[in-house]
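There are 2 protein chains.
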Amino acid sequence: MSEYDLVGIGNAMVDVLATVDDAFLEEQTLDKGAMTLVDTDRASEIYAKMPPAQEVSGGSCGNTMAGFASLGGKGVFIGKVRDDQLGNVFRHDMQSIGVDFFTPATTEGPQTGSCLVLITPDAQRTMCTNLGAASNLTPKDIDKDIIQAAKVVYMEGYLFDPPDAQDAFVEAADLSHDAGRKVSITLSDPFCVDRHRHAFQMLVADHTDILFGNEEEIKSLYQVDDFDAALQHVRGHCEIACLTRSSKGSVILSGDEVHIIDPLPLDPVVDTTGAGDQFAAGFLYGYTQGMDLRKCGEIATLTATEVISHVGARPEANLKELVERELG
Amino acid sequence: MSEYDLVGIGNAMVDVLATVDDAFLEEQTLDKGAMTLVDTDRASEIYAKMPPAQEVSGGSCGNTMAGFASLGGKGVFIGKVRDDQLGNVFRHDMQSIGVDFFTPATTEGPQTGSCLVLITPDAQRTMCTNLGAASNLTPKDIDKDIIQAAKVVYMEGYLFDPPDAQDAFVEAADLSHDAGRKVSITLSDPFCVDRHRHAFQMLVADHTDILFGNEEEIKSLYQVDDFDAALQHVRGHCEIACLTRSSKGSVILSGDEVHIIDPLPLDPVVDTTGAGDQFAAGFLYGYTQGMDLRKCGEIATLTATEVISHVGARPEANLKELVERELG
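Heads up: the sequence lines are chains A and B, in that order.
Counted from 1, the first sequence has number 206 at position 214 by this note's numbering; the numbering is strictly sequential.
Counted from 1, the second sequence has number 147 at position 155 by this note's numbering; the numbering is strictly sequential.
Keep in mind the hints are simulated off the structure, nothing from the lab.
As the structure is a prediction and not an experimental result, all values here were calculated from the model.
Hints should not be assumed to be uniformly reliable.
The list treats identical chains as interchangeable, and a pair is accepted whether it falls inside one copy or across any two copies.
Cross-link-like lysine-lysine pairs, in silico, DSS-like; alpha carbons within 30 Å at most [claimed, not checked]:
no., residue 1, residue 2
1, Lys66, Lys287
2, Lys66, Lys312
3, Lys41, Lys24
4, Lys240, Lys211
5, Lys132, Lys240
6, Lys66, Lys132
7, Lys211, Lys287
From just these sequences and the hints, can you work out the full model?
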């Protein structure tokens, strides 16, 4: 088994993007800007009413793996699709960007997971996620050889929504640690944290070396009202914490080391989707290359800035060239 | 000798404020927004051409002591005035707000120091400082009993401009430490740091327990281009560092403790003069009352916000009541 820099475990999702007006959201009683979990029937109902759409491979962790590969890192993805057309789209897109993806597709049960992304004229994105086949990820899909061949395992918090995937999460963390590897997670979403707060707290305290979270997520995790209070809670709970603050930049903590990384100027911000995913990609790339934490934070800031300069959650630029040009 | 919370050592200055147009600055070849040191002749020349003005006690450390007293702290000021009218104004203003001021006035030499503050219609302040009698502060003025009766000695970086005052600075630090007290300084101004960088670096490394500096000052001190790099330099060089970042809030470091204090919302910001002075006042008030660093930072943020909500470098609100109302 060849050596990997990073193995990502996440919900394998295909985004289905369409532009709609506000009236459509009202008819479908959807909260603008929110991510809602929906079942297959509800997803079909909304999809039937949607205008012509565009399909793009997505998923939070999938987006991170795309950025990681664009930086030149060697990655492999674990996630569950079905043996259907969208499953083929997802697999093709992963492999075409150089990310290995061996997890077998399911041959029965729900279709490949999809996320209906409804873009209104004010550039807001309202998302309806049908986890579909992604829900069927179980500890059996966590390939020991792959986990132990990677320097770092990275897992998205959204995996906590389907119950079997939570077990897969812990299984992967244990396997990784047994091999002396590092475990990183992202909290993904403040509502996801809210749904599974206790499980997340245990995971961060007991299984996580490198934590990613934005301000709202970390405040939700510890149920505090302000950033500094959350920061005090997270210290000492994991080896490295990367706390992102949108236009306020980010804070990286490790033991008694702290780095405050300012944002890069960008005007206009076109679409913030994927900012956290690409921050993690940039940071983990630097980390797996043995760079110091500050340099990791600088790369992360650069890759997150690239993704918010255009529509879509995966990079458009060649990130390896971008980093070489901007950071030398 | 009664016990003090804080003894402040600074340039005793009276501000002379007038509104002028841009043409006036051009005629006098003054850089808008900058603080320039001028001698008595030059100050007289500018003053002669200025429109009717308003005299207000000032000085960076004097402003801090005013805020400290408004918070309910017991303070004493050391600084040099002459036995002239502006000297009497300065002394009166200190004593009337409850700050002791025993340093004898000089009976010869230059007049009481003054700062011509030229306010242009765009609300910018262009300052011409004539240190005057303040320059005559010497180690002899550093009253051992007063220094050793105060929990903390606080000194402004502007004291580094007149040469004898530098010696007074070190003398005060040594006396304070001999009595087991704490020494705090503020860097005051990036240009002041630039003029005396080596002396400041030695002072921070060898004599300072609590350092105050804004982003530009701390970057100037270590000759680095960005905030995070400056932050790495300052760590370990003093017990507590309070780094202020204007609209980005502040960062407080102590050993492996770090607090990131967000700014309070304020719209409009009327006049930023005195923000650093009142931040120090609030922080040192909390510190001398034995509060934890986060609470100190919250008080500092509140008092700094108060002073930028109106024109002038000293508080208008009763800060003790403000803190009780806002922070409980």
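Same-copy or cross-copy closeness of Lys132 to Lys240 [CA-CA at most 30 Å]: Neither, since 41 Å and 47 Å both go past 30 Å.
Copy assignment of Lys66 with Lys312, given that the CA separation must stay at most 30 Å: within (13 Å within a copy, 59 Å between copies)
Up to 30 Å CA-CA - Lys132 versus Lys66, copy category: within (23 Å within a copy, 69 Å between copies)
Lys240 and Lys211: within-copy, between-copy, both or neither at 30 Å Cα: both (16 Å within a copy, 19 Å between copies)
Intra/inter-copy verdict for Lys66 and Lys287 if alpha-carbon distance must be at most 30 Å: The answer is within: 19 Å in one copy meets 30 Å, while 46 Å across copies does not.
Lys211 and Lys287: within-copy, between-copy, both or neither at 30 Å Cα: Both: 26 Å inside a copy, 19 Å across copies.
Intra- versus inter-subunit Cα pairing at 30 Å for Lys41 with Lys24: Close inside one copy (17 Å), not across copies (62 Å); limit 30 Å.
Checked against the numbered hints listed earlier, the structure breaks hint 5 alone; every other hint is satisfied.
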